[in-house]
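Number of protein chains: 2
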Amino acid sequence: MIKVVILGSGNVGTHLFKAFKNNSKFEIKQWYSRNLKDISQYSDFVKITDQLDQLEFADMYVLAVNDDSIHDLSTQLSFTNRFVCHTSGSKPIDVIDLKNRSGVFYPLQTFSKESEIDFSKIPICIESSNDEDMITLKNVSKALGCSYHEIDSNQREKLHLAAVFVNNFTNHMYTIAKEITDKSKIDFNILKPLISETVNKIYKLDPKVAQTGPAIRGDNKTINKHLLVLKSKKHKELYELITYLINNLEHEEL
Amino acid sequence: MIKVVILGSGNVGTHLFKAFKNNSKFEIKQWYSRNLKDISQYSDFVKITDQLDQLEFADMYVLAVNDDSIHDLSTQLSFTNRFVCHTSGSKPIDVIDLKNRSGVFYPLQTFSKESEIDFSKIPICIESSNDEDMITLKNVSKALGCSYHEIDSNQREKLHLAAVFVNNFTNHMYTIAKEITDKSKIDFNILKPLISETVNKIYKLDPKVAQTGPAIRGDNKTINKHLLVLKSKKHKELYELITYLINNLEHEEL
Numbered sequence: 001m002i003k004v005v006i007l008g009s010g011n012v013g014t015h016l017f018k019a020f021k022n023n024s025k026f027e028i029k030q031w032y033s034r035n036l037k038d039i040s041q042y043s044d045f046v047k048i049t050d051q052l053d054q055l056e057f058a059d060m061y062v063l064a065v066n067d068d069s070i071h072d073l074s075t076q077l078s079f080t081n082r083f084v085c086h087t088s089g090s091k092p093i094d095v096i097d098l099k100n101r102s103g104v105f106y107p108l109q110t111f112s113k114e115s116e117i118d119f120s121k122i123p124i125c126i127e128s129s130n131d132e133d134m135i136t137l138k139n140v141s142k143a144l145g146c147s148y149h150e151i152d153s154n155q156r157e158k159l160h161l162a163a164v165f166v167n168n169f170t171n172h173m174y175t176i177a178k179e180i181t182d183k184s185k186i187d188f189n190i191l192k193p194l195i196s197e198t199v200n201k202i203y204k205l206d207p208k209v210a211q212t213g214p215a216i217r218g219d220n221k222t223i224n225k226h227l228l229v230l231k232s233k234k235h236k237e238l239y240e241l242i243t244y245l246i247n248n249l250e251h252e253e254l
Numbered sequence: 001m002i003k004v005v006i007l008g009s010g011n012v013g014t015h016l017f018k019a020f021k022n023n024s025k026f027e028i029k030q031w032y033s034r035n036l037k038d039i040s041q042y043s044d045f046v047k048i049t050d051q052l053d054q055l056e057f058a059d060m061y062v063l064a065v066n067d068d069s070i071h072d073l074s075t076q077l078s079f080t081n082r083f084v085c086h087t088s089g090s091k092p093i094d095v096i097d098l099k100n101r102s103g104v105f106y107p108l109q110t111f112s113k114e115s116e117i118d119f120s121k122i123p124i125c126i127e128s129s130n131d132e133d134m135i136t137l138k139n140v141s142k143a144l145g146c147s148y149h150e151i152d153s154n155q156r157e158k159l160h161l162a163a164v165f166v167n168n169f170t171n172h173m174y175t176i177a178k179e180i181t182d183k184s185k186i187d188f189n190i191l192k193p194l195i196s197e198t199v200n201k202i203y204k205l206d207p208k209v210a211q212t213g214p215a216i217r218g219d220n221k222t223i224n225k226h227l228l229v230l231k232s233k234k235h236k237e238l239y240e241l242i243t244y245l246i247n248n249l250e251h252e253e254l
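Protein sequences, first through last, are from chains Z and D. To convert, note that position 196 of the first sequence is 196 in the numbering used here; the numbers rise steadily by one, no gaps. To convert, note that position 226 of the second sequence is 226 in the numbering used here; the numbers rise steadily by one, no gaps.
One thing to keep in mind: the hints can contain errors.
Identical copies carry no separate label here, and so any pair may be met within one copy or between two of them.
Stated by the list, open to error - Straight line, CA to CA, 25 Å or less: simulated PhoX-like cross-link-like pairs of lysine-lysine:
id	residue 1	residue 2
1	K208	K37
2	K37	K233
3	K142	K192
4	K208	K21
5	K178	K204
6	K233	K18
Derived by calculation from the structure, the hints in this document are not laboratory data. No experiment lies behind these values; they were computed from the predicted model shown.
Produce the entire structure from the sequences given, and follow the hints as far as they go.
Printed below as a string of C-alpha cells:
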C-alpha cells in the first residue's frame, strides 16, 4: 500500500482524497487542512488534522494548496528528507523547500466541487528531483489508473498556458455565444451538438486542418455582417483579432 | 413519402443525400449539380442531373449551395410556386426568388466530407414564408429524427455568429494550444481530456459559472508569466483581450 498524506482542502485535495479513499492500493495516513472544519465532514473516513507538527510518516506528501501557499507550507513542515509534491501547473518544482525531496504531481484537468470526475481519465504530469521518487510518482499514477507523462518545470509552464487556451478561453467563447443567443431569445442548447462535434473533430484531425468558417474561407461578406451585428467594441476587436489569426498563423518561438 | 430534390454537391448536399437515402420516409427524386462528375459516383443510387430545366416535381427543393449562389440558382429554376429552401445560417429567407415559396432548412452543425455524422443528432433551424410549408419542414425534420427549432432570419444571423464563436474560434484556441505544445515537444493529446471536460461542464453549468483559471481568479502573477511566455505580439494581444473580457463581461445590445 502506498501511504499518502494530503495537505489542502480545495478542489484538487478533495478529488484526490476521494480517488485515494476508493482505492485499496492507498492508505491515506492523514488529511491536513489549516481550517479543520473544511474537512470535518470526512472525519469518519480519514484522520484529519490542522497540526503540521503532528504529521505521520508517508511515502508521499501531497501539497494540494494555492500556488502562492506551496512554498510557505513546504518550509513549515517539521520533517526532512521525505517526498513532498505539489499539484500546480504553473509552479516549478523548486518552490518546495529543499529540506525535503521534491516532486510534482499535476493532474491536467479542471476540477469543481460540484461535479464528480473519473480520476482514471486524467493525465498526470510528473516530475521529481530524483529517480527513486519518480518511481513512486509512476506507481501512484498507475494505481489510480491514470496515464502519466514526465514533464519538466519548463514544459509544464507551457502546458499550463496551452491549458488556459483550450479550457479558460474556450469557455469564454461559450459565454459570449450564450450572451448572443440569450439576447435574441434563442435557446443556447441548440448550439451544444455543434460544440460537441467541434471537440470530436480534434480527436480525428489536427485543429489547423479542422478549421472551418468565414475567416478561413476569406468570406468577407459574412465577416462584415458579423462585425455589424456585434455591438460591443471589445467583442468586435476579439472577432477581428481571431479572424486575422486564423488566416495568418502566428508562430511562437518558445 | 416526402419527395425531395437536392441541389448542390458540397458537404451539406452530400450529407443530406446520405441521410435521405438511408431513410424510407424519403424519395430523392433527383440530385442536381452544375458539375455532374462531382456526384457521378452516386448515379447507381439516385437520378443525377446538371439540367435545371429538367427537374421533376418534389415537395421540397433543397438548395445546398454556397451562400452567394443561392439567389442566382433560385432565379434559374424553371418552375414556380413550389417549395424551395436554402440551408444557410447566414442568409435570410428572402434571398430565394419570390416566384417560388421559400423556406430555410439550416442544420446547425459543422460538416466535413471526411467524417460521417449522425444526422439525427443535428438541430434543424427552420423558417418558411407560409404555414403549410412549415408543416413540411417539421415533417422532414421529424422523419430524419432531428430536433427542430423555428428561428427567423434575424435570429438565425445571431445564431450563426454564436456558432462562429463556439466552433471556429474555439477551434482556433486548440490551434494555438497545439502550436505551444508542439514547440515544447509536449504531446498535444495530453490536453484532450481537459478539452472534453470543458465541454462536459457546459452541459451541467452556465458557461459563466463554469469559468475557471487565472483570469477569473485575478491571478496576475500567472497572467504576467503567461504573457512573458508568449512570444507572438498578436497572441499576447489575444491573451490580454480575453483575460480582460473574462473579468469585464461585455453586454451585447442585440
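Comparing the hints with the structure gives:
1. K208 x K37: neither (49 Å within a copy, 29 Å between copies)
2. K37 x K233: neither (46 Å within a copy, 47 Å between copies)
3. K142 x K192: between (34 Å within a copy, 19 Å between copies)
4. K208 x K21: Classified as neither: same-chain Cα gap 41 Å, cross-chain 32 Å, threshold 25 Å.
5. K178 x K204: between (27 Å within a copy, 14 Å between copies)
6. K233 x K18: neither (45 Å within a copy, 43 Å between copies)
Hints 1, 2, 4, 6 from the earlier list are contradicted by this structure; the remaining hints agree with it.
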